[in-house]
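Throw the hints in and build the complete structure from the sequences for me.
One line per chain: the protein sequences are A and B, in this order. At position 55 of the first sequence the residue is numbered 55 (my numbering), and the sequence of numbers has no breaks. To get my numbering, take the position in the second sequence, counting from 1, and add 120.
Just so you know, these hints were derived from the structure itself, not from any lab. For every residue, glycine included, the Cβ atom is placed at its ideal position computed from N, Cα and C. Treat the hints with care, as some may be off.
As the list claims (entries may be wrong) - Covered by chain B, according to a simulated footprint, are these stretches of chain A (three or more residues, beta-carbon under 8 Å):
(1) 45 to 55
(2) 76 to 87
Stated by the list, open to error - DSSO-like cross-link-like pairs, simulated, lysine-lysine; straight-line CA separation at most 27 Å:
(3) B:Lys-143 with B:Lys-223
(4) B:Lys-247 with A:Lys-60
(5) B:Lys-247 with A:Lys-79
(6) B:Lys-158 with A:Lys-56
(7) B:Lys-158 with A:Lys-62
(8) B:Lys-179 with A:Lys-62
(9) A:Lys-77 with B:Lys-273
(10) B:Lys-158 with A:Lys-29
(11) A:Lys-32 with B:Lys-124
(12) B:Lys-210 with B:Lys-167
(13) B:Lys-159 with B:Lys-179
(14) B:Lys-273 with B:Lys-247
(15) B:Lys-158 with B:Lys-182
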Amino acid sequence: MKFINIFLIVAIILNFNFLKADEIKTENKIAKNLRCLICQGQSVYDSDSEFAISLKLVIKNKIQEGLSEDQIYNFLKMKYGEWILYDPIFNRNTYFLWLLPILIFLAGGAIIIKRFYNKK
Amino acid sequence: MKSKFIPLILILIFLITFVIFFKGLKNSNIYTPDTNLKKEVPSFKLKSFEDNSIVISEKIFKDNDYYFMNIWASWCIPCKEEHKFLMELKKDDKIELIGFNYKDNFTNASNFLKDLGNPYDIIVSDKDGTASIEWGAYGVPESFLVYQNIIIKRFIGPINNEDLLEIQKIIR
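What follows is the structure in structure tokens.
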């Protein structure tokens, strides 16, 4: 009986640690994907400005409240605009941004194929 | 025919790229969030500055009144600059000033108000800065003009005489 109790306690402690580690992981992941608005060019994760410190705290609280990563991004997007996210969302303003590399890649491929067949 | 075209196209591409980058050089790339967004007032539950009683946002903001929510701190130099305009705004009884004491300690903040005067009707303290984030603020000072539970105007940085006149024009 005693053995089972000890085993249970150890299991709970281990589980708890895993949860905590996971939370910190997502917390850091989210902070790394956010642009600091005070020190632009730095991520919130890297920054030590008052704003970044508070924002990290907010992220931590939101995770503890049970919000998912996407929900937190949406929350911050609503508050600060899309600029705060490092990953631009695919919409009318960013079609060019997302599609241009693919277009250039295809054009390059077309040129190579054309040359290859011409040589033949 | 072919050899004539390729250098021409290359030069054209180079020119276009040059013009785009050259223009981009002069663009300011410092981002400021939209200041004219009509957003609902976020609800908060904070400790009062004077005593530690809890203040709920729903009890502060009532319909048909103008509120000026100002985030300030005693350690913030621009806050001193805008303080005289806040004192000026206080004279208008159509508007209520709400101070958000941002990451400050009580002694410094009360000395600040003692020296320069207290323009606020209600002061709440935002010790860890999380409530300011709910408002979408990212620095001190920052101010929000609230009417009917909607943020109608946002001021990033210290307010100046023009801002003051604008506020007085809106609430008249």
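Hints and how they fare:
Against chain B, the region 45 to 55 of chain A contributes 5 residues with a C-beta closer than 8 Å to a partner C-beta. That satisfies the three-residue criterion, and the hint holds. Three residues within the 8 Å Cβ limit are the bar, and the region 76 to 87 of chain A against chain B gives 4, so the coverage statement holds. Of the pairs offered as hints, the one joining B:Lys-143 and B:Lys-223 is violated, with about 40 Å between alpha carbons and a cut-off of 27 Å exceeded. This hinted pair checks out: B:Lys-247 and A:Lys-60 have alpha carbons roughly 16 Å apart, not beyond 27 Å.
Annotation: proposed proximity of B:Lys-247 to A:Lys-79 holds, straight-line Cα distance about 20 Å (limit 27 Å). A threshold of 27 Å between alpha carbons decides the hint, and for B:Lys-158 with A:Lys-56 the separation of about 26 Å falls inside it, so the pair holds. Using a Cα cut-off of 27 Å, the hinted pair B:Lys-158 and A:Lys-62 holds, with the two alpha carbons roughly 24 Å apart. Of the supplied pair hints, the one linking B:Lys-179 and A:Lys-62 holds, its CA atoms being roughly 24 Å apart against a limit of 27 Å.
Pair hint A:Lys-77 plus B:Lys-273 holds up; C-alpha atoms about 19 Å apart against a cutoff of 27 Å. About 31 Å separates the Cα atoms of B:Lys-158 and A:Lys-29, which puts this hinted pair outside 27 Å; it is violated. As the CA atoms of A:Lys-32 and B:Lys-124 are separated by approximately 49 Å, the hinted pair breaks the 27 Å bound. For the proposed pair B:Lys-210 and B:Lys-167, the alpha carbon gap of about 23 Å is at most 27 Å, so the pair holds.
For the given pair, B:Lys-159 sits about 18 Å from B:Lys-179 by alpha-carbon distance, which is consistent with the 27 Å threshold. Taken as a hint, the B:Lys-273 and B:Lys-247 pair is honoured in the structure, with Cα atoms around 25 Å apart against an allowance of 27 Å. Of the supplied pair hints, the one linking B:Lys-158 and B:Lys-182 holds, its CA atoms being roughly 17 Å apart against a limit of 27 Å.
In terms of the numbered hints stated before, the structure departs from hints 3, 10 and 11, listed from lowest to highest.
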